[in-house]
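S.K.: Chain by chain, the residues run as shown.
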Amino acid sequence: MASEITTQEYILHHLTNATMCVTDDGVKFSHGEELHNVAEVCAEAGFWVWNIDTMAWSIGLGILFLWLFRKVAKSATSGVPGKTQAFIELVVEFVNDNVRDTFHGKNNLIAPLSLTIFVWVFLMNLMDLVPVDFLPTAAGQIANAATGVDPHHVYMKVVPTTDLNMTLALALGVFFLILFYSIKVKGVGGFMKELTFQPFNHWAFIPVNFILESVTLLARPFSLALRLFGNLYAGELIFILIATLGVWQLPLYFPWAVFHILVIVLQAFIFMMLTIVYLSLAHEDH
Amino acid sequence: MNINATLIGQLIAFIVFVWFCMKYVWPPLLGAIEERQKKIADGLEASVRAEKDLELAQEKATEQLKDAKAQAAEIVEQAKKRASQLEESEKQKAYSEREKIIASGYAEIEAERNRAKEELRSQVAALAVAGAEQILQREIDANAQNDIVEKLVAEL
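Residue numbers (my numbering), protein chains in the order written: chain L, 359 to 644; chain R, -15 to 140.
In isolation and in its complexed conformation, chain R is listed as follows (with noise of 0.2 Å):
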């Protein structure tokens, strides 16, 4: 248990081991650790990241189809309004086609009536002038008394 030479001994080695740690040991091994760390924190932020992107996309989608909703309930009420008004525009349209021919109708009607009348008139001035003229054809010359009849059939 004396204090020998091997103090000496033990201290070279002792100095050798440490600077063969520091030289060939240490470094590779400390830069391997620091490296898997860095790999590791850059892994977690990109995760970090694209989980912040993810909520992003979701909150647009949501966005977006909110929208589109809105969109097409608009499009349905255009829609609905466009099909009434079209109902509307039609019915009009029926109505005044339905009023022109009741009016045409009524027309026509006037206008037969007035034919008729003009063909009554003409021909009751005929049978007034044929009845006239047998009467004064015993008398007078149906010529010289037309003016009266024609003022009699102007006053019919």
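So here's chain L without its partners, still in its complex pose (with noise of 0.2 Å):
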């Protein structure tokens, strides 16, 4: 593959998404275009792109998540577990252990909202273990055995906790929440007396701590996020980078891989526990 196309032109085709898009020429895809006139296909959509790879992977693992927990919910016996069910109950119950230990209210919401996205966000990150040429490569041959295109100009990227747009979904869905949950437990007066009257407890302070509060509650999604977004980002592109140094990757690819076990997991976690934290901060009544 190196031989064909330069270094820059590898990492750049991993990095690319696969898009689609309703144009009033009718659907366009990315496949089959040079790398630099992928971003022109769709242009004139405008906002209205779809990275389908991104939804393939994250729809499938989610069904994937859900059909594997429904599978076990429905036959879940509360006499002595089978290994399955032990270890969706351990996952269970740990996401359970913390969003007890973290909000005190009653809410039949926040603990499955905290299991999909830790299960969610961890298979999603989970891809990134997935040796970075496999998928994509397979992926071109499918394309081009089907349709004839060169394997080299199908695009796909197989983590979608790398785009930005998967994360930022996740962090809206969550921000939506916490606005939900604040108005709903404080009222729109106990909302608006929060981002106005705190941290200074003064009239006088309005317009600063209006500023203050607004960019502490806007920053929760954009920090989740980013957050999210850019661990898994920088931890695919040193596996991509890992993977342009031919025969030396190998010394270089486990210990990155073995590190890395550790990262998605956590951010998983942090994901889902930051989560808790806000909705639980929004439960709250000063």
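Hint data in this document are derived by calculation from the structure and do not stem from the laboratory. As the structure is a computational prediction, the values presented were derived from the model and not from experiment. The beta-carbon is built from N, C-alpha and C at its ideal position, and this holds for glycine as well. There's no promise every hint is true.
Unchecked claim - Some chain L residues flagged as far from chain R (calculated, every beta-carbon gap over 10 Å):
(1) VAL450
(2) PHE555
(3) LEU603
(4) GLY604
Said to hold, decoys possible - To be clear about the criterion: a stretch of chain R counts as covered by chain L if any three or more of its residues have a C-beta under 8 Å from a C-beta of chain L, and this derived list gives those stretches:
(5) -4 to 8
(6) 18 to 28
Bring the two chains, given one by one in their own frames, into a single complex with the hints.
M.R.: Listed below in structure tokens is the structure:
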């Protein structure tokens, strides 16, 4: 591969999403386009471009998660559990303990929300451990066999969490819940009061308070999204860089993969934990 | 890496997944876990209760054993006492029997002696009378001096 394309092209190829858009000329795909043309294919569609690789992998992994957990949940017994059930219960109990330690109100949404975030994000991060060339090359060969396009012109980013759209969607979902519960628990007035009378409880400080609190509030979804995205994107980039080293990648790939196991679990856990903390704060009435 | 419509698609997927998890995954799993926790708690409680019961039963058994031992000792004591009593009374009885036999022996001897004496007396009287008769045969009628002889016999 390296003989035909430059290292820069190789890296860029790996960081390019498979996109799709509907324009006046019909449905367009990035497949089959030269690397430098990819961005222009859907330029006129503006916002309405779909990263089909992110969508497919994330939804596929989400369905895998729900299918597995649903299967166990349907046959869950309170007697002696099987090995699969024991493992699933381990995860459920881990999430439940964390929720209970942090969130003290009564809410039926937060625990399943946390479980979904933890397992889904973990599974998506886990795709990072699949060798970087494996799935994109397979996709290229399949597309080549099916439609005859140049396999180098097939793009696929396998790790959904290295797509900012993915992490931002999760973070925005959490953000909407923060707003929803803040208003539900404290009322619109109470929420507004929290935004304007903290941290300085005096009417003269209302504008200052509002600016400070708004920044705090808005920083939450962005810090959530960017933290996960940044960690995984950087990890993926290093995997790609290691892959460009030819035979020297072998001693480097393994330690980085081992280290990355820690990162992917930790990032999933942090995303879950911060979600619980933010929603717990939203429930607190001052 | 641009923000595009994928964001909306992912947001919808996220909402659907959370909804599904909340509706169909979380409640049965947590329900099973909580039910098992309750079962285990009940089992532990039952075992603690059983242990206490066992301890109580052992205590009771020890108590009963002690009682039985005390009773046995008492019975043995009573038996010993009764045996000695019996021995004593038996001895007493034998002693009194002996006394009685001795007394009756004495009495018999006495009676025999008295009888012999009586016999002797009557024989002596008869002998004396016979002697006197022979002496007096020559001089007086025996009947006339009978009262004197009687008097003599009585004095014997």
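S.K.: The structure should be examined with respect to each hint, and the outcome stated for every one.
M.R.: Cross-check of the supplied hints:
1. At roughly 5 Å from the closest C-beta of chain R, the C-beta of VAL450/L falls inside 10 Å, breaking its exclusion from the interface.
2. With a least beta-carbon separation of about 32 Å from chain R, PHE555/L lies farther than 10 Å from that chain, consistent with its non-interface assignment.
3. Its beta-carbon lying about 24 Å from the closest one in chain R, LEU603/L satisfies the requirement of being farther than 10 Å from that chain.
4. Against the 10 Å criterion, GLY604/L stays outside the reach of chain R, whose nearest CB is about 27 Å from its own CB.
5. Residue count for the segment -4 to 8 of chain R with a Cβ under 8 Å from a Cβ of chain L: 9. That meets the three needed, and the coverage hint holds.
6. Restraint check on the segment 18 to 28 of chain R versus chain L: 3 residues with Cβ-Cβ distances below 8 Å, three needed, restraint holds.
Comparing the model with each earlier hint shows a violation of hint 1 alone; every other hint is respected.
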